[in-house]
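Engineer: Each chain, letter by letter, is given below.
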Amino acid sequence: MQTAKIDLLETYLSLYINHFEVLNHMDTKDSPYVILDVRNAPSAVKKDQIKGALAIPAKDLPSKVNELNKEKTYVAYDWTSGTILGKQALLILLKAGFKAYELGGALEGWKGMKLPIETLNE
Amino acid sequence: MQTAKIDLLETYLSLYINHFEVLNHMDTKDSPYVILDVRNAPSAVKKDQIKGALAIPAKDLPSKVNELNKEKTYVAYDWTSGTILGKQALLILLKAGFKAYELGGALEGWKGMKLPIETLNE
Amino acid sequence: MQTAKIDLLETYLSLYINHFEVLNHMDTKDSPYVILDVRNAPSAVKKDQIKGALAIPAKDLPSKVNELNKEKTYVAYDWTSGTILGKQALLILLKAGFKAYELGGALEGWKGMKLPIETLNE
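Chains as they are written, first to last, in full-length UniProt numbering: chain A, 1 to 122; chain B, 1 to 122; chain C, 1 to 122.
By construction, these hints were calculated from the structure, which means they are not laboratory data.
Accuracy of the hints is not assured; some may be wrong.
Identical copies carry no separate label here, and so any pair may be met within one copy or between two of them.
The calculated lysine-lysine pairs, modelled on DSSO-like cross-linking and capped at a C-alpha distance of 30 Å, are [claimed, not checked]:
id, residue 1, residue 2
1, K111, K59
2, K46, K111
3, K64, K95
4, K114, K51
5, K5, K47
6, K29, K64
7, K5, K70
8, K114, K95
9, K51, K5
10, K114, K46
11, K59, K5
12, K5, K64
13, K46, K59
14, K46, K99
15, K5, K99
16, K59, K114
17, K72, K51
18, K46, K64
19, K5, K95
Whole structure, please, built from the sequences with the hints as guidance.
Structural biologist: Shown next, in the form of structure tokens:
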């Protein structure tokens, strides 16, 4: 059982990327990361997003995944880690052959740490 | 590792049902779904619940699981997705041979989207 | 698929310990549990913690894990269950041969149930 626990934790944790890693590359030219906002909500409801994020709602991702850049690493987030949208997006991205992670802590965690966001205009 | 990630995501996501799917059948006669409130709290603490939910606290589920209907699909939820009660209930239901899911986003997500709830009388 | 779901739920749930189990031993002499606060934040930000917790930020755990007691069972928690810090700490502890769990519901759930906390002095 100990081995099953360790295997599960290792695979589960490998789905996530830490906000620090993303933050370190945020304002660099040629950052390897593209932050992907997969919230299924209009801008008026979302109000703001992680600075520089590309907004593709999870429901639209299957039809738009082929427009993405295989050179980049995608970092998907939803409102909180308590939803399944981040993992649904991640599954679509990984199955399509992209490098991708879910953002640890999601938008809630990012805002809780006062990390850079930007207002959305509707 | 990519295969292990995809396998984990597919199995993990298969535990959940989306609120839209549940909502679509909510007021239909003979809905295949029974929404199951598994919060371990008295009504006075719970205050409200998802409209039409059947309240069986997770701690009582082992002794009550045989009263459930094998024709239905059970959708369990707790306060938030951050607790383990929804998954504990799901495990009891699946092991007893029921069709069951955990509600994506839990009660917190349902309320956040202003979906139908009902007040509980004490 | 039913078997894969049940296997995943059983392993996933085996990572967690219920707050009641921890609470039952809280004020007993020779409690088998040591509650481990793994938040990566200074005391001024943390403000309070679970009563009697040992604070070792997850980032410091790899270098401090050898100071821990193999007779005890460690119960790690972060702010919420939505972060990955609790699981990162758990992986470090299990790989080092310690008995360890993540606290179901994390600090957020503990406080939500009004369980004992203590103020931190800065």
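Engineer: Let me make sure I understand: some of the numbered hints might not hold for this structure. Which ones are they, in numerical order?
Structural biologist: The structure conflicts with hints 5 and 8, although it agrees with all the remaining ones.
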